[in-house]
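K.L.:
Using the sequences and the accompanying hints, generate a full structural model.
Residue numbers (our numbering), protein chains in the order written: chain A, 1 to 310; chain B, 1 to 388.
Accuracy of the hints is not assured; some may be wrong.
Here are the simulated EDC-like cross-link-like pairs (lysine to aspartate or glutamate), alpha carbons at most 20 angstroms apart as the crow flies [said to hold, decoys possible]:
#1 A:Lys229 - A:Asp218
#2 B:Lys228 - A:Glu109
#3 A:Lys288 - A:Glu262
#4 B:Lys381 - A:Asp13
#5 B:Lys12 - B:Asp246
#6 B:Lys292 - A:Asp72
#7 A:Lys56 - A:Asp19
#8 B:Lys381 - A:Glu94
#9 B:Lys12 - A:Glu88
#10 B:Lys12 - A:Glu94
#11 B:Lys5 - A:Glu88
#12 B:Lys228 - A:Asp277
#13 B:Lys9 - A:Glu94
#14 B:Lys76 - B:Asp64
#15 B:Lys9 - A:Glu88
#16 B:Lys76 - B:Glu106
#17 B:Lys76 - B:Asp107
#18 B:Lys5 - A:Glu89
#19 B:Lys5 - A:Asp72
Hints are computed from structural coordinates only; laboratory data are not their basis.
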Amino acid sequence: MIVEVKNLVKRYDKLLALDHLNLAVKKGEIFGLLGPNGSGKTTAINCILSLLKYDKGSIEIFGKPMRPDAYDIKKNIGIIMQNVAVFEELTVYENISYFCSLYVKDKKEVKQLTEEAIVFVSLQDFTKFLPKKLSGGLLRRLNIACGIAHKPGLIILDEPTIAVDPQSRNKILERIKKLNENGATVIYTSHYMEEVEQLCSRISIIDKGKVIATGTKDELKNMISLGEKITVEAYNLKEEQLDEMMRISNIAQVDYSDNLLEIKSKKGKNNLIHILDYLQSHDINFGKIFTEMPTLNDVFLEITGKELRD
Amino acid sequence: MQVFKLYFKLLKSAAPALIIYLVVFSILIFVLSSNQRKSATGFEEVKIDMALVNYDGEHLLVQDFLEYLKSYCNFKDYGEDENDLADALFFREVEYILTIPYDFGEDFIAGKDVRLEKKAIPDGVYNSSVDQVINNYLNTARIYLTAIPNISEEDLVSYIRKDINTEAEVSIDANENKGEENGFYNQYFNMASYIMLSCCLLGVGLIMLTFHNVHILRRNLVTPMTHKNMNFQLIGGNLIFVLTYDIFFILLGFLMNENKSLNGNVLLFWLNLIIFSVSALSISYLVAVLVKSRQANEAVSIVLPLGLSFISGAFIPQFLLGDSVLKLASFTPLYWFVKGNDTIAGLVNFNWDNLKYIYFYMLIQLGFAAAVFSLSLVAGKNRRRDNY
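P.N.:
What follows is the structure, given as structure tokens:
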């Protein structure tokens, strides 16, 4: 394991921020930590990095206990926090070079790594720019470059795409994937389920400081009873017909409004065919049909009873 | 030495303000230095214009008294008309009107209570000196009349003249002379303390605020560089910063001062400045920990040095300040710095009895710096804890 967190407990006075949190990150994976705001993701990251003292539990990184003075471990970690942490007075190049030089002593190597990081985040045209002259997306890329320039084995990204436009977000996600392909293990925290779903090979869903489920996205989706969500454009449906549809096998919920019939099915085969059969057999006119597989939000909803974005 | 190098890169952003402070200070010092060349180095006797109305012109004592007064006054004749005399005084043609009443000489010798009449410009600069000259003559006469009851007028006049013409030999105290010699440095370094404190608050404050930024701090804390090493490099940067200012002030003072000699006083002035700069550094540290934005730091760097300089006597000599103000100022290092400079300026004998006060003032400044540094560390720790 690259990172192993066991029974981590962190309290802020009476608030229990982390409640016996357990995490295990394997080498070479992109591990997602998904949870709503205030669920304890950043607290967990701060504890893992020894930025915060915790009350109970143990943290091991690269098989060694993590402590504030574990400089040999820190040497191989790259960190990208949700807030951009760069010097406003330094140019793009100077910022990356400075943070890289805190890890690497050889000047030539620092220069080379800085240049590689600049190319990696596509900031070649902005090397002499001060951070205040950069757009939000470029600033995030600079933030990433400062965290990864020294080519660490473990990269921790704590909500790096907050307040970033979709185009820049996609570029950032692409680069994180590339970092992983180049051999880095990645821990990625976010409350955006789409990002985590798109990026991460394994995911832990966290709520109220506790891991409520861990697995690949398919494993997580298999944990719940919900099947696909079917939306049909249908006209003049009557109450009795909706009640009848509820009696079709594997149907969990039926809603109808504005000529849109929304059906949530349980896991099972041929759910869509059964619905269409019913509509045809009752001469109900219908138009467009959409089906949607369960999302991580549905997983979270079923386990906690609340939306991920609450 | 990455942090050390970064320190000076960051300082560049505060450079315009720091340079403005130094330029303004240099101009002020140039003006001060020009005044130094014009400064008085002795006294010149002046005679004041006086209107005399003498109703007792014949008496020997009065004649001699007027002869004596001629050494100090230019007599002008405006007659006896009161209006003419009042006009002369009003239009500042004379500064003093002296009226000698009838039989003044005889009555004075007889021991009667007689008085000379005087009118003078209100708050006139020379009034008191004329009063003193008149009193000097008449009091001497009164002493002889009391001591020798039947003294003749001739003897009385000759005795008075002999006494008042006696000149005492005065040798100017070397201490006074030193004070004058070191006056430039005294004023120069007192004023330099204001610039030193302002620039420290501005420059050091900016750097510390940047490094205390919670996001930068977190990023730095997860690097393999030890916190101790980072702080050590920052302290090194700060010390170089204040030392540069010390050297600048020392060189500028040396160049501006007419007297280029290097004596014990000058060396003590330099030492006092270097010690004060450590105190200024400690205040800057504390302010940087307590304030949360660059704008707030800039505001403090304007207000605090001005306030401290005014109450501590950096601009106005301490002896002109009220006791309550000085008592308040004594809780600041600037007060002890200025007090140290004032004492150094008057120092002649470099024995322990004299030097111990100066060293004591320096120790207070160092103690203050240590206390403020400790306070900054505690405040910094609390702030870090609050941030997480």
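K.L.:
Going straight from one Cα to the other, do Lys12 of chain B and Glu88 of chain A come out at no more than 20 angstroms?
P.N.:
holds, 12 angstroms
K.L.:
Given the proposed pairing of Lys12 of chain B with Asp246 of chain B, does the C-alpha separation stay at or below 20 angstroms?
P.N.:
Holds, at about 19 angstroms.
K.L.:
CA of Lys381 of chain B to CA of Asp13 of chain A, is that 20 angstroms or under?
P.N.:
holds, 18 angstroms
K.L.:
Does the alpha-carbon distance linking Lys5 of chain B and Glu88 of chain A stay inside the 20 angstroms limit?
P.N.:
holds, 16 angstroms
K.L.:
Holds or violated: Lys76 of chain B with Glu106 of chain B, Cα cutoff 20 angstroms?
P.N.:
Violated, at roughly 25 angstroms.
K.L.:
CA of Lys9 of chain B to CA of Glu94 of chain A, is that 20 angstroms or under?
P.N.:
Given pair Lys9 of chain B, Glu94 of chain A holds - Cα atoms ~10 angstroms apart, limit 20 angstroms.
K.L.:
Does Lys9 of chain B pair with Glu88 of chain A here, judged by a C-alpha cut-off of 20 angstroms?
P.N.:
Judged against 20 angstroms, a Cα distance of about 11 angstroms means the pair holds.
K.L.:
Lys229 of chain A and Asp218 of chain A were given as a pair; does the straight-line alpha-carbon distance stay at or below 20 angstroms?
P.N.:
Cα-Cα ~16 angstroms, so holds.
K.L.:
Need the status of pair Lys5 of chain B, Glu89 of chain A: alpha-carbon distance at most 20 angstroms?
P.N.:
Status holds; Cα separation ~13 angstroms.
K.L.:
Given the hint that Lys12 of chain B pairs with Glu94 of chain A, does the C-alpha gap stay at or below 20 angstroms?
P.N.:
holds, 14 angstroms
K.L.:
Given the hint that Lys76 of chain B pairs with Asp64 of chain B, does the C-alpha gap stay at or below 20 angstroms?
P.N.:
Holds: Lys76 of chain B and Asp64 of chain B sit about 18 angstroms apart, inside 20 angstroms.
K.L.:
With a cut-off of 20 angstroms on the C-alpha distance, tell me whether Lys228 of chain B and Asp277 of chain A pass.
P.N.:
With Cα atoms ~74 angstroms apart, Lys228 of chain B and Asp277 of chain A exceed 20 angstroms; violated.
Hint check: violations occur at hints 2, 6, 8, 12, 16, 17 and 19; the rest are consistent with the structure.
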